[in-house]
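J.: Fit chain B to the given chain A structure using the hints.
Listed below are the residues making up each chain.
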Amino acid sequence: MNREKDYEVVIGLEVHAELATSSKIFCSCSTEFGGLPNTHCCPGCIGMPGTLPVLNKNVVEFAIRAGLATNCEISGFTKMDRKNYFYPDLPRAYQISQYDIPICKDGFIEIEINGVKKKIRIARIHIEEDAGKLVHDQWSTGSLVDYNRSGVPLIEIVTYPDMNSAEEARLFLEGLKAILQYTGVSDCKMQEGSLRADVNISVKPKSQEELGVRTEMKNLNSFRAIIRAIEAESRRQIEELESGGKIYRETRRWDDEKGVSFSMRSKEEAQDYRYFPESDIPPVIIDSEWVEEIRKSLPELPETRKRRYMEEYGLPAYDAEIITSSKALSDFFEETVKNGANAKTASNWIMGELLRLLKEKGVEDDSIPFPPVHLAKLIDIIEKGIITGTIAKKVFDNMFDSGKDPVAIVDEQGLKVVADTGTLLPVVKKVIENNPGSVADYKAGKTKALGFLMGQAMRETKGKADPKLINQLFIEELEKL
Amino acid sequence: MELHELSISQLGSLIKNKEVSIPKLTRYMLDRIEKLDSAYGCYITVAEEKAMEQAADVQARLDGGNLDSPLAGIPMAVKDNICTKGILTTCASRMLYNFIPPYDAHVVGKLYENGAILLGKVNMDEFAMGSSTESSYFKKTFNPLDTERVPGGSSGGAAAAVASGEAIYCLGSYTGGSIRQPAAFCGCVGIKPTYGLVSRFGLVAYASSFDQVGPLTRTVSDCAMVLGAIAGHDPMDATSTRKRIPDYTKALVQDVRGLRIGIPGEFVDDSVDEDIRNAVFKAIQVFSEQGAECKEISIPVMEYVVPTYYIIALAEASSNLARYDGVKYGYRTSEYKDLIDMCKRTRSEGFGTEVKRRILLGTYVLSSGYFDAYYKKALKARTIISREFGRAFEECDIIMGPVAPTTAYKIGEKINDPLKMYMEDIFTVPANITGLPALAIPAGIDRNNMPIGLQLIGKRFDESTIFRAGYTFEQTIGSNWTSSRMNNQVNNQVKNK
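Protein chains in written order, with our numbering: chain A, 1136 to 1616; chain B, 167 to 663.
It should be emphasised that the hints constitute simulated quantities derived from the structure, not laboratory data. All values derive from a computational prediction rather than experimental measurement. There's no promise every hint is true.
Covered stretches of chain A (chain B as the covering partner; in silico rule of three or more C-beta atoms under 8 angstroms from a C-beta of chain B) [what the hints assert, rightly or not]: (1) 1180 to 1192; (2) 1216 to 1230; (3) 1415 to 1422.
Within a straight-line C-alpha distance of at most 27 angstroms, the following computed DSS-like cross-link-like pairs (lysine-lysine) qualify [as the list claims (entries may be wrong)]: (4) K409/B with K1192/A; (5) K546/B with K1214/A; (6) K1268/A with K494/B; (7) K1240/A with K1431/A; (8) K586/B with K542/B; (9) K510/B with K1218/A; (10) K586/B with K1218/A; (11) K1494/A with K1479/A; (12) K543/B with K1268/A; (13) K1529/A with K1479/A; (14) K1381/A with K1353/A; (15) K1218/A with K522/B; (16) K1214/A with K543/B; (17) K1473/A with K1539/A; (18) K1240/A with K542/B; (19) K1214/A with K542/B; (20) K1218/A with K409/B; (21) K1268/A with K503/B; (22) K1214/A with K409/B; (23) K1218/A with K543/B; (24) K494/B with K1218/A; (25) K1140/A with K1431/A.
A virtual CB, placed ideally from N, CA and C, is assigned to each residue, including glycine.
Chain A extracted, bound-state conformation (with noise of 0.2 angstroms):
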């Protein structure tokens, strides 16, 4: 018997996502990635005494996309709080949060698993400002901080426990991810750490009600680490509680490398943070007139943009799903029709080579090396028989490798398609010569041979003869026979 049949696993998720202001959540200091440790920073960034938070208003604006865009509600009365612990990376020894009003709460987003959509409630959104981070292991001496990250506008978006699966888990976060892109919210950037999520599992068996002892699981970079902490976590609470053992309420750090979790601290050493009102920032009032110009504002969504592919392209609802859910390609995909190229055509490009090479050379989709309008320049001059459709896959890999348009590369490398009986006769009549055997079984109505020998052609050719003249020469020739 299969013990994990028998238990539902449920998963609820907080997902930290790094807003794309470009500046920090209390003072003008840059949210720049990368640079150099402490160069981003000033005397507030850092907890000097005196220094003051001031609110950055587009930050309680991202805030307020993020929530529409995942049918919230917004709070007309929001204010920040501080949450005191003690941590060399966070300089005043309180993060400022939000505890009991959060800007949005009560909201959902819909994702189909295995043809059935289900709703994944969203229980609150709030905004906070993130930390700096310890460098260890560096210097003899001891560690270093860096308060780069210190400040920079973040928020957290907490679900209720709606998910029964890892794969529920995916395509809530991808959903959510491509929102976020959509609205500008956040760039996700998972390597960066500008999406995290912790994930809150408990399993019960399936004849259970009440909902089992939960864990917290932190530390998770990417989709990949969610997935395999989430089937690794279930699988250890399920085989804890067949042995007769007792699942804990604590905290669990993924480590990623060995695919196992250990346990951080327990519930009974569970920080107490103190949380009280933020008096150095005045609550926020936020009118219904400033939420409804902000809802006027959103761009189309993931779901209406794929809903819009299918019926305005006619994409199979497999592609247009997979487009759609990465803002770069959709957007990538949307130009390239813009310039001109035939919607099927391209999507069929961005999903067969463009996905692959980006696979292939590990570069994301917000940086494919060509633009749009080299795609749709390619599906041209396919469309008007200039470039075979090998030469075309060629030119493509060109493309990607360096950026160069697509009709300089086929002049430069001389890759028109030749299409004068003066220059294919005599290949193929080579063709033929050197091929007696297949020329054989064609004569004998094998007309497969046809293809082989047409292909002895192409090769000749470098896969730059016209494929009607070359049949056409083929059967004329081979007739005289």
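T.: Same frame as chain A, now just chain B:
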């Protein structure tokens, strides 16, 4: 009269008429500090070189016609919890014994713009936690009127410097009673402005929802002039007002006719020293004779004022002082095992007893299980107290009472009895809880020749009315009446030392 006995406007006209140069006046004040400060202990840092540079610079600006301010060239000092760029700012704590801010507090910048000359940084209770300036890590400050007595606190160094003529005026800071009470103890004028009137940027935070900066001066008009220079919106402080700041010097008229002054019975009950009570009754008589309408009112919530204030202030303090962990600046312990150990040792060694007591109390009232019983309840009480004061202001324009229940007490008398010390704040904290403006002015002396302070609490952002009443009172009982007598008393103290 000697230079240090003059008011801002008197010195201003000497400077304008070239009867004294700014460098000469500054030198005079620095010499005076040199001569007297070993006796009074007002200063933590004397910025001699910088002051002389500033003096030359301001004189040049003035001569070039690039400066027009009554504060131009007037030497002053700033409490040591107000940040001064390039000058040590210690908060009278070992924790910040070496802290030199890379920025000026907004108020300091404003004074510099007005051509003020910074003589140095004055002593205070450690992190402004205290009412006697006895908790300073560096030194005690003595009351210049009787050096066996405290100058009050936490702005004790500021009040003592003004009273002894070691500065023409000072900037103090105010959380509980820290400007008005030392002003009263040293016979000076001091104002706690409406919360939000003056930017807190650069004021080292104690309790963010109470803290304000305010001037300590010898006269009401000096006070109005300095406040006018430092008040107004600052984009670096989200709680600072966007209101237009009136010209407070226009309020300096001797006219209180029709002004309604309420005196809460709770402010003159048995807990108040008899001499002080009598001084308040005398003030009622003075104001009535000048045409004001004085009446008794009642504020029944007075007994909750001190606990409410201390719960909220200490809660905020426990969080505001958490940043001193030895990581980024200030004191760091010399030996430690790891990060946590470093933080613990640094805080144990860097803070004094009173600061640690307040951090512990504040942490306690915010802790889970106690939050609702203390902090949350105190917030509710704060709302009720504000409402009661609001109601009282429906029937009067000013609420009048003593600044403190006693005059300056002997050094060491209350330092070991924190509760008694906290109760010193009973009449000053209501204005802080409610954010209302309150002016302290001298109102006579007690049987020991120690000054008595009278307090005028005004409506929100109505500093003008309390300035008008204070000015009228000061003019009626004699301009500089206290200070000329005070000067003699101060001189006697110096001789005795």
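J.: Now tell me, hint by hint, if it's right for this structure.
T.: Each hint, compared with the structure:
1. 1180 to 1192: That given contact holds, which follows from 10 residues of the stretch 1180 to 1192 of chain A lying within Cβ reach (below 8 angstroms) of chain B.
2. 1216 to 1230: holds (count 8)
3. 1415 to 1422: holds (count 3)
4. K409/B with K1192/A: 21 angstroms, holds
5. K546/B with K1214/A: 17 angstroms, holds
6. K1268/A with K494/B: 13 angstroms, holds
7. K1240/A with K1431/A: Holds. K1240/A to K1431/A sits at ~20 angstroms (cutoff 27 angstroms).
8. K586/B with K542/B: Status holds; Cα separation ~25 angstroms.
9. K510/B with K1218/A: 19 angstroms, holds
10. K586/B with K1218/A: 33 angstroms, violated
11. K1494/A with K1479/A: Answer holds: K1494/A to K1479/A is near 22 angstroms, not above 27 angstroms.
12. K543/B with K1268/A: 37 angstroms, violated
13. K1529/A with K1479/A: This hinted pair holds, its Cα atoms lying about 20 angstroms apart.
14. K1381/A with K1353/A: It holds: about 21 angstroms lies between the C-alpha atoms, which stays within 27 angstroms.
15. K1218/A with K522/B: 20 angstroms, holds
16. K1214/A with K543/B: Holds - the C-alpha atoms of K543/B and K1214/A are around 19 angstroms apart, at most 27 angstroms.
17. K1473/A with K1539/A: 20 angstroms, holds
18. K1240/A with K542/B: 24 angstroms, holds
19. K1214/A with K542/B: 16 angstroms, holds
20. K1218/A with K409/B: With a Cα-Cα distance of about 32 angstroms, the restraint between K1218/A and K409/B is violated, given a limit of 27 angstroms.
21. K1268/A with K503/B: Holds, because 21 angstroms separates the two Cα atoms, which is no more than 27 angstroms.
22. K1214/A with K409/B: 23 angstroms, holds
23. K1218/A with K543/B: The hint holds at about 20 angstroms.
24. K494/B with K1218/A: This hinted pair holds, its Cα atoms lying about 20 angstroms apart.
25. K1140/A with K1431/A: 46 angstroms, violated
Checked against the numbered hints given earlier, the structure breaks hints 10, 12, 20 and 25 and satisfies all the rest.
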